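**Student:** From first to last, the protein sequence lines are chains A and D. Straight run, no breaks: the first sequence in my numbering ends on number 506. Straight run, no breaks: the second sequence in my numbering ends on number 1351.
Quick caveat, the hints were computed from the structure, so don't treat them as lab data. Quantities reported herein were computed from a predicted structural model and do not represent experimental measurements. Even for Gly, the Cβ is constructed at its ideal location relative to N, Cα and C. There's no promise every hint is true.
Quick list of simulated restraints, FRET-style, between CB atoms [to be verified]:
1. A:Ser-318 <-> D:Thr-1186: 55 to 61 Å
2. A:Val-98 <-> D:Thr-1277: 34 to 40 Å
3. A:Ala-389 <-> D:Thr-1066: 57 to 63 Å
Partial selection, computed: residues in chain D whose CB lies under 10 Å from chain A [to be verified]:
4. Trp-1213
5. Val-1214
6. Val-1215
7. Asn-1217
8. Arg-1218
9. Thr-1220
10. Arg-1223
11. Gly-1297
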Amino acid sequence: MASPERGAPPLLQMHGIVKQFPGVRALDGVDLDVAAGEVHCLLGQNGAGKSTLIKVLAGAHRPDAGEIRWDGRPVTFGSPHAADVTGIATIYQELDLVPGLSVAENVFLGHERARLGFTRPRELDDETRALLRRLGHPEIPPGRELGRLSAAGQQVVSMARALSRDARLIVMDEPSAVLDPEEVDNLFRVVRELTAEGVAVVYISHRLEEIRRIGDRVTVLKDGRTVARGLPAPSTPTAEVIRLMTGRTIEYVFPPRPAVPTGDPVLEVDGLGRRGEFADVSFSVRPGEVVGLAGLVGSGRSEILETVYGARKATSGSVWVQGRALRAGSVRAAVRAGMGLAPEERKSQGLLLAEPVYRNVSLPSLSRFARAGFVRGGAELAAAAAVIAQLDVRPADPTRPVRTLSGGNQQKVVLARWLLEECRVLLLDEPTRGVDVGARSEIYGLIRRLSGQGVAVVLVSSEMPEVLGLADRVLVVREGRVVYQAPAEELDEERVLDLVMEGSRV
Amino acid sequence: MRDLERPAEAAGTTSTAAPAVEQDRPARAGGPDTRSTLARLLDTGAGRNLGLVAVLAVLCVIGIATADTFATTSNLLTILTSASIIGVLTVGMTFVIIGGGIDLSVGKVMALASVWATTLATQSYGPAVMVFCALAVGVGCGLINGVLIAYGRVVPFIATLAMLISAQGLAERISGKRSQIVTDPTIAAIASTRVLGIPLLVYFFAAVVAVGWVVLNRTTFGRRTFAIGGNLEASRLAGIDVRRHTVLLYVVSGLCCGIAAIMIASLTTTGSSTHGTLYELDAIAAVIIGGTLLTGGRGTLVGSILGVLVFTTITNLFILNNLATEVQNIAKGLIIVAAVLFQSRAQRANP
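If we strip away everything but chain A, and leave its shape as in the complex, we get:
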């Protein structure tokens, strides 16, 4: 087994990889094989499992089942260090660099090549300079503090870091997202140089045209499974790739959509913008209507939602609720006017995890259960218990700490909060993230029920079927702008995905 088998096995083989998180099966039997010297593209919608797969490769997650072979030999990566020693380097989307250290220190972080514990800064600087020159960026000084570089500059440093490790496999997670076209060319040149030396590259991007330019083969993931492996990248038609990405194995059950409500809009957003994030967003929502924002992560959808809510301060435009303008940048004003937000990051933005369910539910409406500042615990508990019973939160015990609940039930707790507050406008950011399939349809039903009661709903989701199945009207957001707007019946998943990813047919 020590010597490579006949016919040179692929550098990396992953077979049947499963990774389970509480409430979600992020990976459900993923296969991937990567040969030395190729650029292997990994495609899939948000939530398809790409990020989890990368983390398994990098040793950050331990798979629950499946086999990884490296050079034909089975391996397990118990830690990022193990993956590093094996020869896998990862360039993450969120750069894993230390802003306070210099460029050279970042490149050699963890491998300082010290002598007797003393660092050798000159040597590091020289090596870093050589690496940066190879990457086509000799202008970056190795001694510069990393935090002072642009996002693109930091990306280059991240690349240099991967190169410095003499990795045999480099994983690049959306490396082009922060680069302008010229820098992308540069990146591709480096990628070609690397592959010519026999290094394998796993390349992740949402830009299909890039994949055609640089990729050799494509593996498509969907709902945590490999749906196509080793397709030839340059010749597979776009329509075929999109079909593979969108075809569903999970059946979503959406409640029937009632007639589109008429009546005066309760929420009006007029020319809303935030410098550097999005611009000129206008839409209105009627009572009982569900408006969906479709777009990729980073397209500005969450930013738009949070700005409508006042959690970010708008630099232009205005938000009106029931004909009254809201003070920009004030969550309190939005909540007083009857708005509620179920934020994207439920745990870090939505919940007090250690506190019991009822305290989470009553958080915004606490003063209603207080007399002269004293909380009437009985009334609060009873009201919270009634709401969570209405939403069928399980277990139906309002005194349990929220952290002991499943993802779906935690989300219901967030919704219960705004139900209790009797909000008129509900903003939902990824309402089913980390929620298992069964609880999903319950949450869909719930959203429909709320809108049936006259609540205006704005929905952001990375899952196209969710937006199309729930919303009455869909706004497509790309790079901080609303590029298309239509009733949901007139759109299908492939059309939206096409608008979102390339926009070639707008």
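Put chain D on the given structure of chain A with help from the hints.
**Tutor:** Just chain D now, kept in the frame of chain A:
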């Protein structure tokens, strides 16, 4: 990690129990159960307090064994009296820490308030104005801390450290580094007055604790303090005015400094810039061993008070046994470490 460890543990217990099913059944039913009950108990505020009560009991046993005078009424009242001033500061500190902050300035704000309240000019207006000045200085310093932290976005550690230093300087400047004697008979009488045999200062302490407990556990203010300390962003997105609340937390702490200033001025019959040196560290330590998370969001006032009593009792024990203060400080340090290690164990046992 936790999720991975747990099933393994469970599997371990069943496999060892397997050979002798009949005999092991009661033990198996009882074993894990009592353990989880204990862990659950330790996870609650009351449970952690029980641990501190046990420590306090052990200290008392040591006290009775080593010093004849320990269990006398007068000695116990001495312990309570010396606990009362730091105790009042600890109440404010508990609010700030549960709310996710820290207040390093309490000792010197108290000193400044005591100096301000005991200048010749202030004393000439009588006791009411002296009390008012002490409270106003405390509240004012708290307000500055709070505004700097909430609106100026200065890190609490830095803002209150700056307050500590400048309050010290201002107190020295006003007093000319001299102790100012309290000539007002009313203020001086507070410390020497006893009601039903118990010093008035202890009543002050009890009253502040009682009010603090009610505010923390029964009001919207208290509830929001936990919410902000537990998850600032979630609280903000739920429509709570987190900045105003943060300011109020430091004002509460400042108010406690003002009250403590009157108490220490009365007890020592002086107002001095040397009062309260390092009290902030004692107060923080008491809060921490009382089971409040330094990161905020969880904690109990009762725990903090027990923490104060543990420290004061240790001090008392060392004095009664004529041991050096250096040894006493070493013991305090060990107790802090032991308490924190114990708590994190208990938390890990029951995540």
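**Student:** Hint by hint, note whether the structure agrees.
**Tutor:** These are the hints, each one checked on the structure:
1. A:Ser-318 <-> D:Thr-1186: 55 to 61 Å: holds (59 Å)
2. A:Val-98 <-> D:Thr-1277: 34 to 40 Å: Once the Cβ atoms are compared, 38 Å apart, the range 34 to 40 Å for Thr-1277 (chain D) and Val-98 (chain A) holds.
3. A:Ala-389 <-> D:Thr-1066: 57 to 63 Å: Since the Cβ atoms of Ala-389 (chain A) and Thr-1066 (chain D) sit about 59 Å apart, the hinted range of 57 to 63 Å holds.
4. Trp-1213: violated (13 Å)
5. Val-1214: holds (8 Å)
6. Val-1215: Where the cut-off is 10 Å and the nearest Cβ of chain A is about 8 Å from Val-1215 (chain D), the hint holds.
7. Asn-1217: Constraint on Asn-1217 (chain D) satisfied, holds at 9 Å.
8. Arg-1218: Given a least distance of 6 Å, the restraint on Arg-1218 (chain D) holds.
9. Thr-1220: holds (5 Å)
10. Arg-1223: With a closest approach of 6 Å, the Arg-1223 (chain D) hint holds.
11. Gly-1297: holds (6 Å)
Checked against the numbered hints above, the structure breaks only hint 4 and satisfies the rest.
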